[in-house]
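K.L.:
Below, each chain spelled out in residue letters.
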Amino acid sequence: MAKVPTPAELLPGLSYEPPEKGWMDVKPDFRPGTYCNPASPKWMEWINYPYPAARSVPDDEWALPQDWKEIVLQGMDDRLKRFRSLKLFFDICVRCGACADKCHFFLGTGDPKNMPVLRAELLRSVYRRYFKTIGRVLSEIAGARDLTEDVIKEWFFYLYQCTICRRCSLFCPYGIDMAEMTLLGRELLASVGLNIDWAMASVAQCYDKGSHIGAPPQAFKDMVDFLAEENERVTGITTTPSYNRKGAEVLFVMPSGDYFADPGTFTMMGYLLLFEHIGLDYTLSTYAAEGGNFGWFISHEMGKRLNAKIYAEAKRLGVKWILGGECGHMWRVCNQYMSTWWGPVDFLEKPVSPITGTRFENATVHKMVHISEFTADLIHHGKLNLDPQRNAHIKLTFHDSCNTARGMGILEEPRYIINNVLPEGNFVEMPPNTIREKAFCCGSSSGINANENMELRMQGGFPRANAVRFVHEKYGVNHLGCICALDRATLPTLLEYWVPEVGITGISELVGNALIFPDEIERTTDLRDRDLVGFGELAEEAGEEEE
Amino acid sequence: MANVEFKGKTFTVDEDGFLENLDQWNTEWVEYVKDSEGIAELNDEHWKVINMLQDYYKKNGIAPMVRILSKVTGFKLKHIYELFPSGPGKGACKMAGLAKPTGCV
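Residue numbers (the working numbering), protein chains in the order written: chain A, 1 to 547; chain B, 1 to 105.
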């Protein structure tokens, strides 16, 4: 693995000066640390993906199939016919540049091809050359170029330097959706055997074993049972998750990061405590044990293949509706694709909270409710007994996850929860240009959270981390909250690099900390065994404040 | 994928240097990773971690979550980092011959 430069080494190298040559004449600089490894043939064979081969980026030959050019052009033709949006996005861009400085990868690398307008042009130039008369005739004068192996390599580099976060689309006067173009471009790459290993390994594991982390059913149960025991140790409360239980009212689906990797595991403990607190009739599934969907990072088709398990299991178990955990891209898929993929979900009921009676009208079609909507509703109706002082050691700011914020408008719910589980004054916002629908991406989403890609990840996450640093220095923020498992996986690495004083927490973890149970043991620590204010090492500190 | 030769043994490893197949694991592999990890001498605590990882993997098909590793061995995370400077995943799991975890991790 390439050595990652330190922040002090990285920043001086950042320049927004464009190269002297025109963009078509500049080839990508495949520097170790700034790209992901191509997928191992093993994973592609597992899921029957085309043209598996051992590939290495530094090699001249990328083992493309002999007729790769025909395959790509035919694929583009098919997609232009299937997705009118793609044709529209190719045709209507006027190169106004409103998107140019909105991309975290452009801000973090200074590479002009990370301006969304130019990233799209990498694909658009080929479209113009083969599908538009003006491009066929005038070629480069009309912004058209031949499809060559160098172009394919350039796509591989830059389409995996886009986290499909859609921040650029928010600022585009035409609403051109870069994420959709990136995804379709990645499909074209996949059609000739080019995928990235980190995403493909996760996809293959999920397809074969049930979750991105590759946990078979017994491992899933072992881990969740362990977290339930941990809950009992810290709070004295027995949380009793059930597995594959037919007839439960609700199926709960969470991202696998939450039951495997810290700090997500504390969020999982929070879910279990919350459900125990309200006596929810729910079950977990060892089959639908993954809410996330790395398949969607590779192709719509693979996204659909991985997504199938959620409805299949809801139907088999006979639940009424589905509750989903704190995951980002899971919600873009569930909210925007799922009902299109599977048609009317007539085997489920319109979600109604059994505790408050609230009908989740927004989930009428796909029948899935987000944990933040569900929890905020419980708090709003006074159904949770909360002690915000148990989070007094946490000074929080909130990172809106791209897919839940920009993708489905979950902006207020997490903030409402935060304000109810934290003492007044312990929550501060980052600058307005970096939150809510304008949130900066974590910089490592969409399957590129691989180790070998670390320099690029630290560059792409710089705008996010910079805003965190601002509130850390100004207000003493020590935690960054989020409702996404990819965030919980990638932000600790990012902040360790740029703002090591700030840790990461899920919002349901904070809920778990604050919940008061009638028969609990005396609470002296939070779920992470850290002293609460007034106890242990923090006893003295609280005393000083009182004076 | 690449092959590594060490003390007369051949190992197939992935791009991150993890063993492709646990069946290839042996004491030579441990010695090989020990050197690349910069560990001077292996003691009983290293072996306690390696054995626990392998037992869990054989039973559950995946490396244990770090908190389970910590609880079963009785070693705090900080101590695991003292034993394996690259950490429980990149250091200990690699030495134990386990595949690296994927996804949101």
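Careful: at least some of the hints might be erroneous.
The calculated lysine-lysine pairs, modelled on DSS-like cross-linking and capped at a C-alpha distance of 25 angstroms, are [stated by the list, open to error]:
no., chain 1, residue 1, chain 2, residue 2
1, A, K309, A, K320
2, A, K221, B, K7
3, B, K34, B, K48
4, A, K3, B, K48
A few chain B positions that, by computed beta-carbon distances, are all more than 12 angstroms from chain A [to be verified]:
no., residue
5, D14
6, E15
7, D16
8, E20
9, T27
10, E28
11, N43
12, H46
13, K59
14, N60
15, G61
16, I68
17, F75
18, E82
19, P85
20, T102
The hints are simulated quantities; they were obtained by calculation from the structure and are not laboratory data.
Being a predicted model, the structure only gives us computed values, none of them experimental.
No residue lacks a Cβ here, since even glycine has one placed at the ideal position from N, Cα and C.
K.L.:
The structure should be examined with respect to each hint, and the outcome stated for every one.
P.N.:
Each hint, compared with the structure:
| no. | hint | in the structure |
| --- | --- | --- |
| 1 | A:K309 <-> A:K320 | holds (16 angstroms) |
| 2 | A:K221 <-> B:K7 | violated (40 angstroms) |
| 3 | B:K34 <-> B:K48 | holds (15 angstroms) |
| 4 | A:K3 <-> B:K48 | violated (31 angstroms) |
| 5 | D14 | violated (7 angstroms) |
| 6 | E15 | violated (5 angstroms) |
| 7 | D16 | violated (6 angstroms) |
| 8 | E20 | violated (8 angstroms) |
| 9 | T27 | holds (25 angstroms) |
| 10 | E28 | holds (23 angstroms) |
| 11 | N43 | holds (26 angstroms) |
| 12 | H46 | holds (22 angstroms) |
| 13 | K59 | violated (8 angstroms) |
| 14 | N60 | violated (4 angstroms) |
| 15 | G61 | violated (4 angstroms) |
| 16 | I68 | violated (6 angstroms) |
| 17 | F75 | holds (15 angstroms) |
| 18 | E82 | holds (18 angstroms) |
| 19 | P85 | holds (15 angstroms) |
| 20 | T102 | violated (4 angstroms) |
Checked against the numbered hints listed earlier, the structure breaks hints 2, 4, 5, 6, 7, 8, 13, 14, 15, 16, 20; every other hint is satisfied.
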